[in-house]
Every structure is written in structure tokens, then in C-alpha cells.
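Letter by letter, the sequence shown follows residues 0 to 310 of numbering that gives the first Met the number 0.
Since the hints were made in silico from the structure, they are not lab data.
Misleading hints may appear alongside valid ones.
[Unchecked claim] Only pairs whose alpha carbons sit at most 25 angstroms apart, straight line, appear in this in silico DSS-like list of lysine-lysine:
(1) Lys37 x Lys104
(2) Lys310 x Lys84
(3) Lys104 x Lys84
(4) Lys310 x Lys58
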Amino acid sequence: MMVCPHCQNRARLLFQTRDINRRLSDATFDYFRCETCKLIFLSPVPDDLGSYYQRDYYKTPTTLQGLAGASARHAHKLETVRRFKAGGTALEIGAGYGDFLYQLKQAGFEAEGIEMDAGCCQFIEAQLGLPMTNTQAPLEAVRGAGQYDVIAMWHVIEHLPGFGAILQEAAAHLQPDGILILAAPNPDALQFRLFGRYWAHVDAPRHVQLIPMSLLEATLLRHGLRLVFASTCAEGQQAEQFGWIKSLMNRLNIFIPPSEAQPAEGDVPRSLKYRLVRGGMHVTVQALIAVTRPFICRRGQGSSYTLVFQK
């Protein structure tokens, strides 16, 4: 019998899959679903999980101008913050190459970040002059952090085994009325129901879990945070388009290496193969989005959720 790592109740095998997105190995990975809390989790987590994060995992811009362009494509992040905070101190856990930190600095926040990729940390420190903690142990880094008005984890929590511990620490490091922002793949998504193990956001084995929104709400309520905003469409049509196209490619066994599909700077032409495949799917996917988006937004079935909790 498999035991859920979160609530210690019984879990059943949901599916087996491989690293379909990046194809860095031929290993098979088992995902289970807890019968009680509905957490979907990978077990066992590979001992060499870090090896599945290749150097091209982050397409780090090379200039401040490139960072500004990349940041503009994620304007929803700052828009979400501004619903509740006009300024103050902010911590991003899993900062990547710094698109959100760039937005925070431009908006006048006193910001800092935690990131496991040393190159990303060096880029942020050099281009933005913001303090960064480079670590493979984000939980320990948060424990040693200060108090913040904003703590954000944009598509990070799904990568961290034992998510309850870091949420508890994040809650403890919020100022009164501070907000915690979480964005992650949505296991209630229509795309997941259609594609299952081929869904782009399974992303085995890098995504060690898919966490239901209700489970996050219940977990953070115990730590004194209440849910004040929830959306599965806040990331916009672009996020849905990625999910449809990449999942269809996975299901049809069409693979384009990430280095060809995602150049570092937004104005660098993508590979011919990528453009042909994407172009061929574009019309179909746009029709799917037009038909499904109103429905999935109302029903909370978008491919990812954005949640805001307040202390």
C-alpha cells in the first residue's frame, strides 16, 4: 500500500509516465493519488532529481533589455500583487531569471529572491542589484529570512517534496496583512482530464506533485492565512495555448528539444521545425481555446491556478 506523504492516508497508482517533455532519460515514473486529500504525487522521487534540470532549463536573458521584454509577457504577476499591495517588502521563492523581481523593483518594492540556479542568481544581482540566495534547500533559506509584505512562489511548489513545511515557514514570515501568492498546475484542469500522463504540466519527474486548490486552502488556513483570490485563468490565453500545443505534441510523439523551442531572448527566431509544428497546430488550438476558455474559467478548470492568501 502506498501512503500519501501529506496526510498519511492510502493512495493508489494513477498512472506511469516518462520524461516526455524533455526526454532526458528512459526511466519510468509512478504517480499516485491520495484517496483522502487528492494530492497527486511522484513516488519514489529520483535521488538524482537535480540532473533533470539541465543548463537550458532557464532561458536566461543576457541583457536588462531582454529581461524587460520577458517580464512584459508576465504582467499578470504584478497585477495580482497590486490587488492587495502597493509597495513594501517582497520575497520570491524560486525566482528563475528574475522577471517578477524586475517587475517588483520597477514598482518600487524592496525585493529579494531565492533560487537554485547559480547563473540566474548572478544575472539578477548584476542586472537588478537585488539580493539573492543561491541554494538547493529553499526551506532552510526561508527559515533564515526576514518578514515580508509579499511572498510569491510562481510555479515552484509543484517541484518541492513536502510542500507543507515550506508553506508553514512562508506563513510565519509574512507581516500582518501580508500576502502569499501561489501559482501551480491545476490537477482539476480540463487538459489534464483529456491528456492524463501526456499533459505538459505533469512534467515528470520535475513536478513531484500536483496539488488541488482545496488542499492548499485547507493547509494554509491552519497556519492563519485565508484565501482572498483564486483564478485558473489569471495567467492568460498564452498559458492555455502552451498546455494544448505541448500536450498534443506529447500525445502525437512530436518532440522538439527545448533549446530549439525556447530561445533565450524573445526576439531570436525559433527553429524552423518548431515554427512549422506550432503553425500547424495554431488554428486548431485557437479554436479549442475559444470554445473552452469561458467554460474552464467559470468551472476552475484552467491549466494552472493563481491563489492569493492573506495573513
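Right, here's what the structure says about each hint:
1. Lys37 x Lys104: Not OK: Lys37 and Lys104 at ~38 angstroms, beyond 25 angstroms, violated.
2. Lys310 x Lys84: Given that 25 angstroms is the threshold and the Cα spacing comes to 13 angstroms, the pair holds.
3. Lys104 x Lys84: Distance ~14 angstroms between Lys104 and Lys84 Cα, so the pair holds.
4. Lys310 x Lys58: Cα-Cα ~34 angstroms, so violated.
The structure shown violates the earlier hints numbered 1, 4.
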